[in-house]
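Residue numbers (our numbering), protein chains in the order written: chain A, 1 to 102; chain B, 1001 to 1227.
Keep in mind that the hints are not guaranteed to be accurate.
Below, a list of computed lysine-lysine pairs in the DSS-like style, where the Cα atoms sit at most 27 angstroms apart [as the list claims (entries may be wrong)]:
{"hint": "1", "chain 1": "A", "residue 1": "Lys79", "chain 2": "A", "residue 2": "Lys58"}
{"hint": "2", "chain 1": "A", "residue 1": "Lys18", "chain 2": "B", "residue 2": "Lys1163"}
{"hint": "3", "chain 1": "B", "residue 1": "Lys1057", "chain 2": "A", "residue 2": "Lys12"}
{"hint": "4", "chain 1": "B", "residue 1": "Lys1152", "chain 2": "B", "residue 2": "Lys1134"}
{"hint": "5", "chain 1": "A", "residue 1": "Lys45", "chain 2": "B", "residue 2": "Lys1152"}
It is worth saying that the hints were derived from the structure and are not from the lab.
Now for the letters of each chain:
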Amino acid sequence: MSRDFGFSKDDKRLDVSKFSPRESVAPKEDADDLGDRAADRAGFKSREVVERVARVRKPSQPFDQAFVRAPIDVINRFKTFCNDTGMSYGEALDELMRRAKL
Amino acid sequence: MPVICAANPKGGAGKSTTLLTIATCLAQSGASVMIIDADPNRPITDWRSGSTALPIKVRSDATEANIRDLINELASQAQFVFIDLEGTASRLTSRAIIRSDLTLIPLAGSALDAQQAARAVGLVRESEADIGRKLNFALCFNRTSPPPFVRKIEREISQQMRKSGLPVLVTHLHRREAYNAMFMERLSLHELSQTAINGVPAAIENAMQLTSEVLELLQTLSDERAA
Chain A
1 MSRDFGFSKD DKRLDVSKFS PRESVAPKED ADDLGDRAAD RAGFKSREVV
51 ERVARVRKPS QPFDQAFVRA PIDVINRFKT FCNDTGMSYG EALDELMRRA
101 KL
Chain B
1001 MPVICAANPK GGAGKSTTLL TIATCLAQSG ASVMIIDADP NRPITDWRSG
1051 STALPIKVRS DATEANIRDL INELASQAQF VFIDLEGTAS RLTSRAIIRS
1101 DLTLIPLAGS ALDAQQAARA VGLVRESEAD IGRKLNFALC FNRTSPPPFV
1151 RKIEREISQQ MRKSGLPVLV THLHRREAYN AMFMERLSLH ELSQTAINGV
1201 PAAIENAMQL TSEVLELLQT LSDERAA
């Protein structure tokens, strides 16, 4: 590079004075999933690893088992109750006994 | 105000180089600049770990879940926020593009880069359809040879883009050792040793010209919005 004798007043800086920070946006006005449908259509997929969370059950007391022999209608009603509420057999038994005030 | 992202689902298309070049030129001119390094290879974060004297802040903690808040947070703090995106067709890319004032789509003059650049353009168009407003983008060439040594394939790609009415920046970042050296030495172009690296003044001139074109474009877009 040739030596600069300092005659030029041009400091070669760009004028950035017209730009200032944005005003902050409320999260309500900016939906989190904005653009995701467009991304799906254009073939842009999520690339983030989804971590598998292990389910932890900590019983307050030891578990025991009971084999139930009952008419199919009773068993069906019990299973339907479990399906509808999403409870396990153990939880459902506890819940039904609680309701029966036993 | 402006949030500018660099997107091209192809790796090695020149996203980080283009973005860092413009960001450092703006910081050199006194602007406050922040960069979100959303590329898992963290090239800008690595650059920041060097001894550059430029006050550019780099955030490396972007995820799909926090990108919205990160952009909004930084945009209210700095004059210019840049987002360097990963070279994959990811959802993070779409979430960044939709919140940017300008999406730069860098490409070298190769068929593979051009093909993937077209995918980025496709994503911008799909996003526009979703939000019902125009999203601004510009294709920008890098690693090209200065005239009169323009390669036939570069000319062809460029012509195809113009024919399709796509916005292409007039200034190309030419293939110069100095752009590589920025990452190697972890300095800005202005801080590189002109004796150790070839063609630094020419690279600075080229970079300032590109930055000035981007500034003009941002100003035009801002005027359009105000009107």
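* Asked: When the hints from earlier in the document are held up against this structure, which numbers fail?
  -> 2, 4, 5
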